[in-house]
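Chains A and B, in that order, give the protein sequences.
Quick note on numbering: the working numbering labels position 309 of the first sequence as 309, and the sequence is numbered without any gaps.
Quick note on numbering: the working numbering labels position 400 of the second sequence as 400, and the sequence is numbered without any gaps.
The set of hints was computed from the structure by calculation and includes no laboratory data.
Misleading hints may appear alongside valid ones.
Copies of the same chain are indistinguishable here, so a pair counts whether it falls within one copy or spans any two.
Stated by the list, open to error - Calculated lysine to aspartate or glutamate pairs in the DMTMM-like style (CA-CA distance at most 20 Å, straight line):
no.: 1; residue 1: 334; residue 2: 380
no.: 2; residue 1: 16; residue 2: 66
no.: 3; residue 1: 90; residue 2: 12
no.: 4; residue 1: 125; residue 2: 112
no.: 5; residue 1: 125; residue 2: 73
no.: 6; residue 1: 387; residue 2: 240
no.: 7; residue 1: 113; residue 2: 124
no.: 8; residue 1: 120; residue 2: 150
no.: 9; residue 1: 373; residue 2: 279
2 protein chains.
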Amino acid sequence: MCEEQNFYAIADIQAKILPGVTHWQSPNFFGYYPSNSSIAGFLGEMMSAGLNVVGFSWITSPAATELEMIVLDWFGKMLKLPEEFLSAGKGGGVIQGSASEAVLVVLLAARDKILRRVGKNSLEKLVLYASDQTHSALQKACQIGGIHPENCRLLRTDSSTDYALSPNVLNEAISDDVTSGLIPFFLCATVGTTSSTAVDPLLELGKIAKSNEMWFHVDAAYAGSACICPEYRHYIDGVEEADSFNTNAHKWFLTNFDCSVLWIKDRNALIQALSTNPEFLKNKASQANLVVDYKDWQIPLGRRFRSLKLWMVMRLYGLENLQSYIRNHINLAKHFEELVAQDPRFEIVTPRLFSLVCFRLLPPHNDETCATKLNHGLLDAVNSTGKIFASHTVLSGKYLLRLAVGAPLTEERHVNAAWKLLQDEASALLATL
Amino acid sequence: MCEEQNFYAIADIQAKILPGVTHWQSPNFFGYYPSNSSIAGFLGEMMSAGLNVVGFSWITSPAATELEMIVLDWFGKMLKLPEEFLSAGKGGGVIQGSASEAVLVVLLAARDKILRRVGKNSLEKLVLYASDQTHSALQKACQIGGIHPENCRLLRTDSSTDYALSPNVLNEAISDDVTSGLIPFFLCATVGTTSSTAVDPLLELGKIAKSNEMWFHVDAAYAGSACICPEYRHYIDGVEEADSFNTNAHKWFLTNFDCSVLWIKDRNALIQALSTNPEFLKNKASQANLVVDYKDWQIPLGRRFRSLKLWMVMRLYGLENLQSYIRNHINLAKHFEELVAQDPRFEIVTPRLFSLVCFRLLPPHNDETCATKLNHGLLDAVNSTGKIFASHTVLSGKYLLRLAVGAPLTEERHVNAAWKLLQDEASALLATL
């Protein structure tokens with residue numbers, strides 16, 4: 001009976017569900033930053049699903065908490081993060097569900113820290129800063145935390161800095177706000193923005209944050225993984241100035257979704273903002289302050305045993321394999337960039353730093369008025385074939401295409417085929433003009 | 001090589017990780033409300049991990065969004081929820097990671113709805129109500145949403161109402177606050193509290209909320225699953241008065257953690273509080289408002305394909321099997337309650353409604369001064385044997401033991417053995433007095 005049921009269920013999945021799935025694991029998926037699945041990550045998910053523990057407190061599954069601390073220390077060392085981010089001191093790492101939750105919890109920690117100093121009725125005076133390229137998760141965190149939207153400064157960037165936040169622009173904004181009696185309290189910098197992998201200058205920005213007693217968060221959700229390679233580590237130089245640092249192991253680090261890693265220098269700031277201690281959860285170990293209770297480092301109470309999959313990935317692949325995995329994708333993107341550069345009908349809009357290429361089809365006779373329609377049409381045309389999935393963004397008013405390499409199965413032949421398809425559809429489109 | 005690595009990894013798991021795991025799937029796990037794992041739930045997790053899609057918008061995996069809508073409508077019908085909670089109208093269901101996130105998102109929706117009416121600088125005037133038995137997740141949601149802690153009214157309950165919130169007490173609190181110029185905006189009722197499965201009177205409380213234009217949320221995280229049985233459905237009578245209703249399929253519904261189901265009558269209230277619309281996520285379907293984008297119904301952007309496991313559970317087991325699964329656990333708890341009642345050394349502290357029994361060892365010569373120490377010692381003693389895991393709570397100053405039946409493998413023999421252990425340890429303890 002149950003076997004029969006099983007059979008019908010599987011049939012339903014093939015007939016009714018799979019046709020409606022967007023295949024993030026396809027080697028032809030170039031649309032968004034990747035969501036890596038791997039044998040090791042999958043095995044970790046299996047074990048976690050089998051044990052199905054709810055590790056909110058140390059006591060509810062000591063191994064879940066302790067393995068997470070160990071694995072995040074390993075990862076922190078791979079990234080050469082400052083000692084203060086590791087669990088031995090006052091800091092430590094924690095797995096969040098997503099970069100949105102990571103920026104939210106540190107924003108709340110920063111909010112409550114400053115409000116303890118200036119008084120809890122000053123909420124409407126708090127101001128935070130980031131570039132206009134920052135992920136929308138920051139704005140959402142502000143909405144949730146009750147920060148007034150008009151106090152969320154998304155500072156203008158342009159091609160002169162390759163869409164990185166300019167320290168001068170930040171300084172001006174801060175002094176304007178201080179003059180008008182507002183209270184700067186939070187700065188979010190990004191290493192590898194969503195639109196174009198722009199990298200904000202951490203060291204200079206961090207010094208500005210420090211001199212203004214602001215919390216400094218670094219969002220490296222996508223590009224952080226690349227920094228395990230010595231030749232890319234310099235992109236996070238200055239992270240020593242940060243109060244918190246985040247990267248998504250579930251994007252480009254072969255760890256199944258969800259696994260967003262957040263490191264923080266002062267874990268108490270997080271705990272003061274997020275802890276609760278109901279009678280029914282009290283236990284010797286927690287009361288004696290002998291253990292870490294991750295429930296106080298995150299939004300929800302319950303949490304899955306997510307460190308298992310990250311541990312499996314590190315344990316089975318190791319640093320060198322992970323580094324060559326990253327390098328291979330970056331080389332494939334470099335290869336695609338060269339292909340685009342060889343075709344005079346296209347332009348590379350921003351320099352490629354990692355595995356994302358931002359490009360567009362040039363409008364005939366430099367007629368910018370039809371550029372958006374043209375590239376929008378091109379994206380529609382290639383995606384409608386179902387052969388690849390690409391996406392778009394807009395930079396300084398320019399509509400452009402994004403091709404992000406990062407699926408574990410993507411090889412040079414897939415990148416070549418994607419480019420061939422783009423060229424063919426471009427020719428067809430241009431012929432209609 | 002990789003096989004060898006695999007071998008060592010598995011060896012490490014057995015040697016280093018499993019010994020540190022608290023076994024929530026053990027038939028002798030009675031400590032907290034359960035975290036059910038099942039074949040169907042496990043298969044669903046596997047499929048989800050294999051596809052590893054990130055279904056934040058409809059376009060990023062249409063099946064992930066559409067299956068979730070379908071399955072939550074099925075579940076809503078199993079619970080006989082009012083039509084307004086189903087996706088056909090202005091409401092709908094959404095899978096959250098936990099009941100903490102469910103109460104947080106509806107609190108934010110309610111907060112922003114009232115602030116749009118009274119002005120965004122009135123945050124410190126907002127007051128919410130719940131009983132002192134409400135889960136700590138509510139207080140945490142207040143901390144996160146910037147509601148002043150002193151405006152979080154956790155109204156006193158006692159044994160006279162079996163720890164349910166009294167409508168009169170609520171009415172008084174509201175009129176006091178209104179008199180002092182505060183703004184009541186949110187009421188949270190619980191069906192099956194964490195400490196003792198108390199059930200708040202939804203109908204009366206709901207009418208009070210409505211007449212004061214407050215948002216009414218019902219937290220049935222644990223007990224909601226039981227309401228698929230006609231004989232227990234009456235516990236959520238009055239849910240028609242609620243604006244939102246939550247139950248955790250990952251607790252007592254054979255669906256692997258995490259899968260917390262939230263239904264809401266006015267999905268736009270949620271979307272207004274939680275939506276963002278960055279350029280890089282824009283797409284035809286979303287812009288044309290033709291689809292549901294669950295990213296706007298939750299805290300994070302990314303989300304796993306969690307409806308697959310809930311679908312597998314319903315598809316493979318069906319309503320009748322799920323009902324008898326629940327009934328079996330409740331009968332086992334009833335059986336344990338009878339065993340306790342037969343031993344004059346013990347007392348049942350609150351009447352058992354579902355699968356949790358709240359009991360304690362009576363202090364010799366009714367000497368209440370040693371009652372806490374005695375029962376604390378009893379809990380320590382039984383848990384230290386490693387044979388079972390039970391927990392505790394405190395009601396009206398009484399320290400008591402909680403035995404929650406709910407692991408899929410628990411049978412009568414396990415309950416009998418647990419009782420035998422409790423009796424033996426009690427005898428040993430009493431002998432030392």
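Evaluation of the provided hints:
1. Taking the closest pair of Cα atoms, residue 334 and residue 380 never come within 20 Å of each other, the shortest separation being 24 Å inside a single copy and 62 Å across copies.
2. Only between protomers do residue 16 and residue 66 lie at most 20 Å apart by alpha-carbon distance; the minimum there is 11 Å, versus 41 Å within a single protomer.
3. For the homomeric pair residue 90 and residue 12, neither the shortest alpha-carbon distance inside one copy (51 Å) nor that between copies (29 Å) is at most 20 Å.
4. Within a single copy, residue 125 and residue 112 get their C-alpha atoms as close as 13 Å, and across copies as close as 19 Å, so both meet the 20 Å cut-off.
5. Proximity of residue 125 and residue 73 under a CA criterion of 20 Å is satisfied in neither setting, with 37 Å inside one chain copy and 43 Å between copies.
6. Taking identical chains as interchangeable, the C-alpha atoms of residue 387 and residue 240 are never at most 20 Å apart, the minima being 43 Å within one chain and 48 Å between chains.
7. Taking identical chains as interchangeable, the C-alpha atoms of residue 113 and residue 124 lie at most 20 Å apart whether they share a chain (15 Å) or sit on different chains (18 Å).
8. In this assembly of identical chains, the alpha carbons of residue 120 and residue 150 lie at most 20 Å apart whether taken from the same copy (19 Å) or from different copies (12 Å).
9. In this assembly of identical chains, the alpha carbons of residue 373 and residue 279 lie at most 20 Å apart only when taken from different copies (15 Å versus 61 Å within one copy).
Comparing the model with each numbered hint stated earlier shows that hints 1, 3, 5 and 6 do not hold.
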